[in-house]
Every structure is written in C-alpha cells, then in structure tokens.
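Numbering (this note's numbering), first residue to last: 1 to 275.
There's no promise every hint is true.
Unchecked claim - Pair by pair, the computed Cβ-Cβ distance ranges are:
id, residue 1, residue 2, range
1, Glu131, Trp71, 14 to 24 Å
2, Glu120, His261, 51 to 61 Å
3, Gln38, Gln254, 17 to 27 Å
4, Glu252, Val226, 14 to 24 Å
Note that these hints are calculated values from the structure, not bench results.
Quick reminder that beta carbons are idealized off the backbone N, C-alpha and C, glycines included.
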Amino acid sequence: MNLSRYALSALLLVTVGCNQTQENAWDTYVSRLSSTLQVTPTKVEPLEFRIPPISVKEDIETSSISLIELWDIKHCELHQTIANRNSNLGRLRVPSQEWVYTMNFIALAPNCIQSLSNDEVSMTLQDALEEKRRQLPTLASNVVFASDEWRSFWQVMTFNASHPTEGVLAFSQLVSNLINLNTLSSEQLESLLATIYHSNAGGTLLVELSNERRYLRVAIQTLRDVEQLQYCPRGKAARQLSGLIGGYYNTEVQSYSAETHRNWGTLIAALEQLR
Numbered sequence: 001m002n003l004s005r006y007a008l009s010a011l012l013l014v015t016v017g018c019n020q021t022q023e024n025a026w027d028t029y030v031s032r033l034s035s036t037l038q039v040t041p042t043k044v045e046p047l048e049f050r051i052p053p054i055s056v057k058e059d060i061e062t063s064s065i066s067l068i069e070l071w072d073i074k075h076c077e078l079h080q081t082i083a084n085r086n087s088n089l090g091r092l093r094v095p096s097q098e099w100v101y102t103m104n105f106i107a108l109a110p111n112c113i114q115s116l117s118n119d120e121v122s123m124t125l126q127d128a129l130e131e132k133r134r135q136l137p138t139l140a141s142n143v144v145f146a147s148d149e150w151r152s153f154w155q156v157m158t159f160n161a162s163h164p165t166e167g168v169l170a171f172s173q174l175v176s177n178l179i180n181l182n183t184l185s186s187e188q189l190e191s192l193l194a195t196i197y198h199s200n201a202g203g204t205l206l207v208e209l210s211n212e213r214r215y216l217r218v219a220i221q222t223l224r225d226v227e228q229l230q231y232c233p234r235g236k237a238a239r240q241l242s243g244l245i246g247g248y249y250n251t252e253v254q255s256y257s258a259e260t261h262r263n264w265g266t267l268i269a270a271l272e273q274l275r
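From just these sequences and the hints, can you work out the full model?
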C-alpha cells in the first residue's frame with residue numbers, strides 16, 4: 001500500500017489562498033526583482049493543485065472472543081486490552097484508536113497464546129491474531145485517509161494558514177509509535193490527535209510548496225524577459241540586485257523555503273513508514 005503517493009500528488013484542481021507571511025515575502029521579492037531589472041512584473045497566476053483524496057472508511061469484520069474465552073485468558077495482559085475494546089465505550093473508537101488497539105493486540109497475543117493450556121482458546125486467539133495482521137493495511141488507510149483527524153490535517157485554508165511544523169511533528173511521532181508498537185497512553189494519543197486535527201499541516205504544506213513553485217516561475221520568467229546586460233547591471237542597480245539576492249532572498253524567502261522543505265521531508269518520511 002503506497003500511501004505516500006497520495007501526499008505527493010500536489011498539482012491541479014483546487015484553487016486556494018496562501019500563507020500570507022510566506023506569500024508576502026515572495027511577492028516583495030519578485031516585485032523588487034522586476035523593479036531592479038526595470039521590467040514589467042510578470043503576473044502571478046493562481047496555482048491549482050489536487051489535495052490528497054479522503055477515502056470512504058472501509059468496514060472491517062472482526063471475530064469476537066466470548067466471555068468464557070475471555071475468562072480463560074484473565075492471567076494475560078491481553079485480557080484487559082480485549083475487555084476495554086469490548087466495552088460500550090471501546091466499540092465507539094475512532095479509526096486511530098482502533099489502530100492502537102490492533103497493534104497492542106498483535107504485540108500481546110503471542111505471549112498469551114503460549115501460556116494457554118486450552119487448545120480451543122489458543123486456536124481462537126491465533127485466528128484472531130492472524131486476522132488482525134491481515135487487517136493492518138486497511139486500518140492504516142482508514143486512519144490516514146478516512147478519519148476526522150486526517151480530513152482536518154489535509155484541509156486547505158483560504159485564509160492565513162496555521163504553522164505546520166507542530167502538526168507535522170505530531171503526525172510523525174504518532175506514526176513512529178504505532179509502527180514500532182510503542183504503547184501510547186490515552187492522554188498521549190489524545191494530545192497527538194488534537195494537535196494533528198487542529199493543525200491543517202498537510203494542507204498548509206501543499207499551499208506553501210505550490211506558492212513557492214508559482215513565484216519561482218515568475219522570478220524565472222522575469223529574468224528571461226530582460227536583456228543580457230540587465231543580468232549584470234552596474235552602479236546602483238548592481239548593488240540593489242546583489243542586496244536583493246544576497247540579502248533579502250537569503251534571509252527572508254529562503255528561510256521559509258528551507259522550513260517548508262524540512263517539514264515536507266518529515267511528512268514524507270512518516271508516510272513512507274506506512275507503505
């Protein structure tokens with residue numbers, strides 16, 4: 001299952017606004033570049049792109065463990081995990097919490113199976129373990145592309161977008177814990193999910209990358225529109241161009257770009273773990 005390919009499809013379809021801080025830095029840069037080179041600024045066209053699709057949640061059929069069988073494994077740590085899952089509250093778990101339960105089940109079941117003397121119960125647990133291992137790809141898809149957390153994570157805002165770093169790091173931390181079978185407390189899980197839900201980080205990154213792309217196109221086209229002499233102006237114009245590129249671009253524009261690409265790299269690395 002190649003989940004990362006969805007996140008990489010960031011071109012064509014929905015026209016959106018931009019992170020104003022980033023956009024202002026780019027807009028100032030291309031405006032000053034045009035002024036320094038004495039050319040008419042190239043129009044910045046709205047960039048359209050496709051956000052990662054939100055899937056319909058796939059239903060997962062699960063086998064049940066009877067109360068008698070549950071009693072037979074009361075000595076196992078797995079007993080409490082299953083009991084919590086079978087409670088009324090447990091049945092209302094969101095996809096991300098269901099993923100945590102499944103990963104915990106897979107981690108705890110082998111030791112419990114080895115400790116059983118009842119072959120029938122042992123076989124029931126073994127069947128359930130194999131079933132849950134088969135279901136992991138579907139569970140991962142539900143969590144990433146069909147849950148409320150991820151709908152909000154990939155939402156593209158049409159006004160000032162939030163800062164994506166915190167949301168990306170929360171996403172990466174959650175994936176790392178789940179993949180490595182690390183048990184998260186309910187408080188830790190809720191904190192990560194809340195950060196992810198409110199961050200709009202995925203959508204913000206798509207906007208930032210697309211914003212960078214369209215302004216780079218303008219800057220390149222501006223340079224193509226001028227005569228060769230203007231590439232290397234003299235006197236005041238030369239100092240202005242040097243200051244613009246060596247000063248403003250490096251300190252203002254490139255700082256946003258570097259952070260955007262760091263966040264994107266972290267996001268893609270996390271998605272790659274879900275393949």
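For the hint 14 to 24 Å, verify it against the beta carbon of Glu131 and that of Trp71.
holds (21 Å)
Pairwise beta carbon distance, Glu120 to His261, judged against the given window 51 to 61 Å
The hint (51 to 61 Å, Cβ to Cβ) holds, given that Glu120 and His261 are roughly 56 Å apart.
So the hint says 17 to 27 Å: do the beta-carbon atoms of Gln38 and Gln254 match that?
holds (24 Å)
Measuring from beta carbon to beta carbon, are Glu252 and Val226 in 14 to 24 Å?
Distance hint for Glu252, Val226 holds at roughly 22 Å.
When held up to the earlier numbered hints, the structure conflicts with none and fits them all.
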